Structures are given as structure tokens and as C-alpha cells.
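Student: Please build the complex by placing chain C on the supplied structure of chain Z, with the hints as guidance.
Going line by line, the protein sequences match chains Z and C.
The working numbering applies: residue 1 is where the first sequence begins, and numbers increase by one.
The working numbering applies: residue 1 is where the second sequence begins, and numbers increase by one.
Dumping the calculated DSS-like pairs for lysine-lysine here, alpha-carbon to alpha-carbon at most 27 angstroms:
id : chain 1 : residue 1 : chain 2 : residue 2
1  : Z       : Lys159    : Z       : Lys113
2  : Z       : Lys140    : C       : Lys24
3  : C       : Lys24     : Z       : Lys200
4  : Z       : Lys23     : Z       : Lys109
5  : Z       : Lys109    : Z       : Lys200
6  : Z       : Lys162    : C       : Lys24
7  : C       : Lys24     : Z       : Lys109
8  : C       : Lys79     : C       : Lys102
9  : C       : Lys52     : C       : Lys102
Quick look at which bits of chain C chain Z covers, simulated, 3 or more residues with Cβ under 8 angstroms:
id : segment
10 : 20 to 28
11 : 43 to 55
To be clear, the hints were calculated from the coordinates, so they are not data collected in a lab.
No experiment lies behind these values; they were computed from the predicted model shown.
Every residue, glycine too, gets a C-beta built ideally from N, C-alpha and C.
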Amino acid sequence: MSLPDDVLDHILSFLQSDLRALKACSQSHPKFIPLVERYLYATVTLYDNNTISQNGLGTAQFMTLLSDNPHIASYIRSLEVEVTYDLIESVQYLEDIASVLRMCSLLNKITLKQIHSGWAALPEAFRLAFLDCLHLSSMKAVCIIYVYGFPLTALEYAKNLKQLTLRGWTPDHDFIPKRSTYPLLEDLSVQDCGGITLEKIIIWVQAQNLRSLEFLGPCDTTREVWLLQSLLSSCSNSLVNLNLDIWTGCKSSCANHLLKVITN
Amino acid sequence: MDCVRVSPASAIPLSLSSLVCLEKLTISADLVFHYSDPGFGSSIYAISQLLKTALFLQHLTLNFHFHINSQLQLPHDTKALWYPLVSLVSRSSSSCINLRVKASKLPGFTAISPEIVTSSLASCPALMQMVRRGVLVIIPVMPDPPVPEVNEPSDKSIVTPPTSSGNINDRKQRKWLANLWPFGKPGEG
Chain Z
1 MSLPDDVLDH ILSFLQSDLR ALKACSQSHP KFIPLVERYL YATVTLYDNN
51 TISQNGLGTA QFMTLLSDNP HIASYIRSLE VEVTYDLIES VQYLEDIASV
101 LRMCSLLNKI TLKQIHSGWA ALPEAFRLAF LDCLHLSSMK AVCIIYVYGF
151 PLTALEYAKN LKQLTLRGWT PDHDFIPKRS TYPLLEDLSV QDCGGITLEK
201 IIIWVQAQNL RSLEFLGPCD TTREVWLLQS LLSSCSNSLV NLNLDIWTGC
251 KSSCANHLLK VITN
Chain C
1 MDCVRVSPAS AIPLSLSSLV CLEKLTISAD LVFHYSDPGF GSSIYAISQL
51 LKTALFLQHL TLNFHFHINS QLQLPHDTKA LWYPLVSLVS RSSSSCINLR
101 VKASKLPGFT AISPEIVTSS LASCPALMQM VRRGVLVIIP VMPDPPVPEV
151 NEPSDKSIVT PPTSSGNIND RKQRKWLANL WPFGKPGEG
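Only chain Z is shown next, with the shape it has when bound in the complex (with noise of 0.2 angstroms):
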């Protein structure tokens, strides 16, 4: 007895968060390989060192396999680089990965993390290359995770973007949001974002189709707690899914006293 091609498909569709058992089905029979590498390499992270991401693979490795197989890059959707830039290989791996990020023509969702140097550090051919994924009109999702400086201006001409998030964003004096020239959000994540950032993304979701917004905080201040009665009235209209983390770790103070003020 065989499968069809389009029911193993469906079939090894529902195992996209499980790496081990794709790596596992791939190596049970030649006739998975061609079926598994597309959720295989759906999601791929890349590191600016050594480390070895999820899939077995350093960025070395990912080098080599995707220049012996070219056709993986088509079949990445999602696709994350963490950037500590603490060694001086750092440099050489970036700009491996800004030739990763070159292939990559048909991303879904693309992350930058950054631990330690800011946005302008990294090297000019790295910066470009993920500017251009930007770009892409199949780029739906943006995370930007402490990325001290990252030009949010960018996303200007990411027309078909939906999901933002932000962590530790404090926006570039350029970053003027204006409705009409910046992509509509249907999905916002922001945590750590100073006042100036979230009085900018205040204007840019105004009257927009909002219909989920995470908020993790901090929400400590009369002024952050401003801020986010704002956030929340400007997609008053549209907003239907909220995830608020306002109440947890040092965030807990805020409850205590917001209880005492209701109460009064």
C-alpha cells in the first residue's frame, strides 16, 4: 500500500513543531526527504556563533547545506538570527547569514534579536540583507527583540505587513508614522517600549484594523499607564484579542496600587 504524495504532505504537515520526529520520518524512507525538508526548514533560526539551532544545524552547516541544496531557501517561512556579536567571527557569520537572507525569497516572518551592540554595528552587508527581506511582499510578520536603533522607518515599504512586535524599541528621530504610508497591523506585540515609543505607535494603529494587541508591559507609571489607556482606545473599534501582563514580577507593584486607587 502507498500514499499519495498530497496525503503524506498533509499528514507530515501536523509534525512542523516536532523537529525529532521529521528528522526521524527523513531518515525512515528516501521517499519522505523531498516531503519533510519543506517543514524541516519552515523555521530556521541562525546564530552569529557556533551555536547549534533546533534543527542539528549550526550556520557553518546551514551554509553548506543550502550550497548544496539550493532549493531549502524556498522553503523557509520563518526565519530568526540571534546576534550577540561578542566575538570577532561574529562579523563573518552576519554576513553568511546576509547571504542566507538573500536566497530567502519567499519569508513569512523574519526576527532579529540582539543582545549586546546596537543596529548600526552590525555589518553594512547584514543590515541591507534584512532590510530587503523587509521588503518582501510575502513578509507578513517583523519581530525586533532589543535591537537598540533598529530604523522602524523600514517597514515603510512592508506593505503587506500584519504582526509587529517590539521588544526594547525606542524608535529613530526619522520614525514619523503616518496612516497612509505605513502598513496596516492587524497584530501588535510590545513589551519594554519606552513612552516616546508607544506615544508613535499610538498614532500609527489610530483608526487602524487592530484586532490583537499584547501589551507585557511596564505599566508602572501614571504616564505608562496612560499611555496604555490610549494604546487600548485608539484600536477601541477594531480590537478583539488582548493579552495584558501588567501584573506579574516587578510589574505586581502596579497592581497593588491600581487596586488602591480603585478602591478609593
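Tutor: Here is chain C on its own, set in the frame of chain Z:
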């Protein structure tokens, strides 16, 4: 607008009343049990007040991390202990509430395991009545188990993963699951 820390005199409470389309709300909070003034930290009441302003809510998820400020046990009087939570659930406009019971480390406090919390919740008749009516669903969220060590076949398989360009004809390198193979042997398909 000043930028001082929130205080009783100057805070602006949140309101969700303007969110006319809001259907799903998820709230995360640390609940710290204080023995000197028995009961969980005031987040439940604050959240309850916030929920009053969510008029059209259909699904509510509460991610609560429980902590205690000593090695003491939770009191046996669960009716009093969980009264604020009963009040929150009964007053919410949401038809179904998922309560996810979590344990996480809060500096200076001891996390209470989800098993202990759910056991205590189960001893509260009012909450169990809500569970039976389907209004409340209690979900203990266990910490991730340690990743089991799996021996990779060889270092080579890590460096060179299976690809369509690999040598697929070398049967000695393949591992077959004879009794579980549902698709026929290679070459028959």
C-alpha cells in the same frame, strides 16, 4: 502628564469599556499569598475591577503564577481563601474562563506547585460548582520536563542532515522500522 510611579493619588485605572469588539482577553499575574493578612495578593481584586469594564467578553484566560512568602502551607479554609476568585468568576461577562495555574520564581518568594494549588482549588465547593457548570476550566501548567538525552546516530548526521541530494541508495545506513512500516518497502510504491 507626569512620570512618577503609580500611586493611589495619581494613578489612572485601566478601563476596557471602549473595546466594543473585544472577545478574547488573557491576563497574566503573580498571586502572592500573604500570611500576615491572609489571602492572595491584591491582583485578583484589581483584575476583577478591570473585568467589570469588559462588557462583551466571550473568552477569558487567566495565567496565574502562585507564590507564598514563606514555607507555610495554604490554609485549609478554602472558602475564604478563594472567595476573591469565586467573585471574579461569577461577575465576569465571559461565558467560559480558563484558569491556568502556573509556578514561576518570583524573587523573595517561594513558588507553590500547580498540584498544591489545584488541590486547594478542588476543595472549594463554589469553584467546583463553576467547573461542573463549565464556567471555569482549571488547567495546571507543569514546568517543562528536562529534555531526555537522545543519542544521535553520528556526528556526521548532525553536520549533514538528510537531503534530497544524499545517498539514498545506501541501505546499510538506513534504519527501518519493520513492524511499523505502513507504506510498503522502498521500490514497491
